[in-house]
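Given the sequences, and given the hints that come with them, work out the whole structure.
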Amino acid sequence: MVKKDDPVMISRSWRTALLALSLGGMGLACESEEPFPTLDELDQLRSLHSLSSHPRLDSTNRVDGLEAARTLGNELFRDPGLSRCGSVSCESCHTGEGRTVETPTAEGCGGQRTERNPPTVLNVRHNRWFMWDGRADSLWSQAILPLTNPVEMDSDAEVVRARLQAQDSYRSRYLALFGADPGAEPGPELMANVGKVLAAYERDLMRVEAPFDVDVRRFLAAVDAGTAESDPAYLGLKTFVRKGQCIVCHKGPSLTDELFHNVGLQDKGPGAGGQWAVLQSLLDWEFNAAGRYSDDRSGADARRLNTLRTQAKQEELEGAFRTPSLRNVALTAPYMHTGAQATLEEVVDFYNEGGDADGTFTGKRTVSIVALELTDAEKRALVELLKSLTGTPR
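Sequential numbering of the sequence shown, starting at 1, is according to the UniProt record's numbering.
Certain hints may be false.
[As the list claims (entries may be wrong)] Across the chosen pairs, the derived CB separations fall in these ranges:
| # | residue 1 | residue 2 | range |
| --- | --- | --- | --- |
| 1 | Arg303 | Glu373 | 53 to 61 Å |
| 2 | Pro232 | Gln165 | 51 to 59 Å |
| 3 | Gly299 | Leu145 | 38 to 46 Å |
| 4 | Thr38 | Ser368 | 14 to 22 Å |
Simulated from the structure, these hints should not be mistaken for lab results. For every residue, glycine included, the Cβ atom is placed at its ideal position computed from N, Cα and C.
Here's what the structure looks like:
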């Protein structure tokens with residue numbers, strides 16, 4: 001029999017106790033949170049900053065990048081004479097620092113209200129799809145939609161033609177750019193060309209370099225130096241990337257995946273079907289990137305339509321709207337495609353709660369939209385991060 005005070009027994013007991021403590025410690029380590037950022041999160045952070053102030057030229061628009069087109073587009077953008085009522089211009093809905101309106105919807109001809117909150121046109125040339133539901137696939141074709149919408153400018157080719165003919169400077173510059181007199185131009189060609197000069201102007205509405213970009217670069221340097229946790233941007237970036245999962249949809253320099261998601265926002269009104277509801281009309285539209293008025297009917301932008309045609313799924317696109325860029329978001333209240341959220345704090349609360357109740361919106365909520373259980377400190381840090389995305393005008 002081994003005695004209680006046998007040295008061998010005591011030694012074995014200590015070893016057993018130490019092993020148990022060691023295993024217990026390993027279990028605690030496994031349950032604790034990984035240091036931020038992990039290598040994958042570091043790659044995500046590196047992709048976020050420094051949006052180019054010189055987006056690529058649009059090959060479907062032959063006057064994109066031409067100064068003559070930009071200056072004509074600038075004047076047409078501000079001219080209410082392009083509307084049937086003579087009182088609504090493109091600038092009416094895209095004004096101020098945020099290049100949008102401060103109300104949930106905008107007012108068009110005859111005091112009518114739009115169905116959607118007007119998206120900002122800041123940095124719009126970086127977009128891949130246009131309008132909340134993606135019904136346009138180029139900036140120039142998008143410009144045609146508010147012109148011809150009866151709720152907005154209520155215009156058509158004859159109204160636009162009369163305006164161009166009435167102004168000698170418009171007429172002569174149109175002729176120089178497109179080699180045709182606007183008075184003799186077929187209606188669809190005229191509208192496409194007006195859309196193209198408007199896009200040539202809008203591509204220069206840029207606000208890019210922001211405090212956020214400085215913060216991300218500084219934080220990355222702090223990671224290299226081993227001082228990440230003491231950096232002022234630590235909690236905001238950590239929440240954005242990890243617990244808040246914002247980066248699932250808001251990624252890259254533009255902070256958008258340029259895709260369509262159903263975030264579970266209350267909306268049963270007209271157009272609540274999202275991209276699925278307009279998909280076929282986009283594919284059949286004569287003004288799309290593969291259509292007869294495109295200047296590059298077989299290029300990359302046109303090929304995207306073929307991908308959409310073959311891969312689109314109703315369960316993914318019904319009630320789904322375009323992920324907007326977060327850049328300059330502090331300038332563009334109210335928020336969401338309905339303008340339902342008045343402040344950034346309300347937007348963060350909306351996502352923290354996992355969206356609105358089932359049955360209040362069309363389609364199925366995207367699987368990544370879940371309750372987040374953010375702390376008050378994490379929510380405040382996210383709001384501060386969003387405010388830091390306001391860029392300097394170019």
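So, going through the hints one by one against the coordinates:
{"no.": "1", "hint": "Arg303 <-> Glu373: 53 to 61 Å", "result": "violated, 42 Å"}
{"no.": "2", "hint": "Pro232 <-> Gln165: 51 to 59 Å", "result": "holds, 58 Å"}
{"no.": "3", "hint": "Gly299 <-> Leu145: 38 to 46 Å", "result": "violated, 22 Å"}
{"no.": "4", "hint": "Thr38 <-> Ser368: 14 to 22 Å", "result": "holds, 19 Å"}
Figure legend: structure checked against the earlier numbered hints; hints not met, in rising order: 1, 3.
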